[in-house]
Amino acid sequence: MRLMDWLDERLAIRQLIKVMLTEYYVPKNINFLWSFGVLVMLVFAILVVSGIFLLMYYKPDSHLAFDSVNKTIMMDVEYGWLFRHTHAVGASIMFLVLFIHMARGIYYGSFKPPREIVWITGYILFVLMSATAFTGYLLPWGQMSYWAAQTITTLFEKIPFIGPDLVVWIRGNYIVEDATLTRFFALHVVFLPLLLIVFTAIHLYAVRIPGSNNEDGIELTKEEKKHGKGVPFWPVFMAKEFFVMSVFLIFFFYLVFYQYKFAMDPINFTPADYLQTPTHIYPEWYFLAFYEVLRGFFFSQNLGLIAFVLSMFIAAFLPWLDTSPIKSAKHRPIYKILFWIFIADFVFLTILGKLPPTGLYAWLGFFGSLVFFAFFLTLPILSKIEKKKVAGGR
Amino acid sequence: MADEKVSRRDFLLYAMGAWAAVGVGGVLYAMYKTWEPLPEVKAQATVSFDLSTVEPGQIKVVSWRGKPVFVLRRTPDMVQCPDRSVKGEYTVVLGICTHLGCIPNWEADKKIWHCPCHGGEYDACGKNIFGPPPRPLDVPPFKIEGTTIVLGEEGNEYKQMKEKGLTV
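Residue numbers (the working numbering), protein chains in the order written: chain W, 1 to 394; chain X, 1 to 168.
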């Protein structure tokens, strides 16, 4: 313990450990869904490590990128395939874990006071993770990578006045080209991960002030948690987390070794060709719902774009849309129904996003998009009703 | 005066703030310029193409600034469009869907361009006839020299079309 004393004198490390781990009490009445925060951290660590190994052979050059991934890493480098599959599956699973983590927050009202900062930093992390996934997707320089980047950067063209110039500026060329690849590489490898780490630190710090929410949504004092109604994050809560992580890793590496193809679009094994668009282009599964909202308003391009941007960001405003004094859906029967309709609608939009946008599908996409927004827009009304109920001494 | 001392300190703070703002502005400007296309990209020369090499009913694709330009020599059974033709029976349009930037494919049997991404359709004049595209395919800047078309330069024919609002 000499080292500990030495560090403690210089860094007050014991105090830090107390605040962050041993005297941070987690309520006992939480279920396994609260484990997904730790799982996000785990997947992030896997992505960083596998990413660093890919980085050692990847060449950020439009002439070399495709072969450096599909030849050097996949065929020549020993276990290169393992790192690539781990990274690709990890990126996909990150969104599954994030969606569950966020849905748990929505269900149990974890975005409500005093946890608005936790919710907002979390939402910023989601947006940053989306940007990281998008910039990373271009790097293998396959057909799908290329056309995903081409279409998404074209979206900026619709910004009034500066749009067309802005697109050329973002790409560094009139089309997606080498300049785009190298800057996306820099963003994906350094800038965005750095921001992710910073916001993760703020997110974890912010949750330690009010503490974790719980299933009942009734706040426990620190004293209550300390004496019987809670457990310390370290080592007690983490002991359970190691079990959850183990189970998760079995599932994760099952995907890496046996089902990695779901994260690898076959079209992406054709090198990028700027004169030929693939027959169908669609994003990775985790963006399909938002993509379907973009297509849902098929009769008006501008409306579709506005809806798309709104769908990506509207959930960030949940603390101000849902002002009901009751936190957990456990005690909110109507909210519970709305929540499950919303989740079903999200899954429905995800499925539709992969189907061709014609005829009946176009109309289903339109109504699905309306239901998506309806969830958020009914919350202020529901809040009012519930406020009256609570005030009336239910 | 005490007040004067405070205001002098304020002045220094403002001066420092202003100087810092100049520095930040300079850095942001440098960052902005860094992402501009490189001179070699900007200076990409204009492209010349001999229209007479295209057979009736045939489409040739010319690469201009990395973008595909479709050159179609229309046959009499296709829709006609004197106002959108660069010369006689030639349709010259930027082969980029005006919806989200995909490249439409020519469907020879229907004589239309069909965009694979969101199902937009354009006729032989490049006019949008179905789907989400908000406007016809763009006509790139061009100049006619005999049977040769120069892409990237604004000739008289292009300027006339531009005035009528037919190019975008």
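Quick caveat, the hints were computed from the structure, so don't treat them as lab data. Glycine included, each C-beta is placed from N, C-alpha and C at the ideal position. Watch out, some of these pointers could steer you wrong.
Unchecked claim - Cβ pair distances, simulated, as ranges: (1) W:A186 x X:S52: 42 to 48 Å; (2) X:G25 x W:M41: 35 to 41 Å; (3) W:L96 x X:S7: 56 to 62 Å; (4) X:E154 x W:M41: 54 to 60 Å; (5) X:E55 x W:P160: 30 to 36 Å.
(message) Which constraints among the numbered hints does this structure fail? Numbers only, ascending.
(response) Checked against the structure, the only hint that fails is number 5, while the rest are satisfied.
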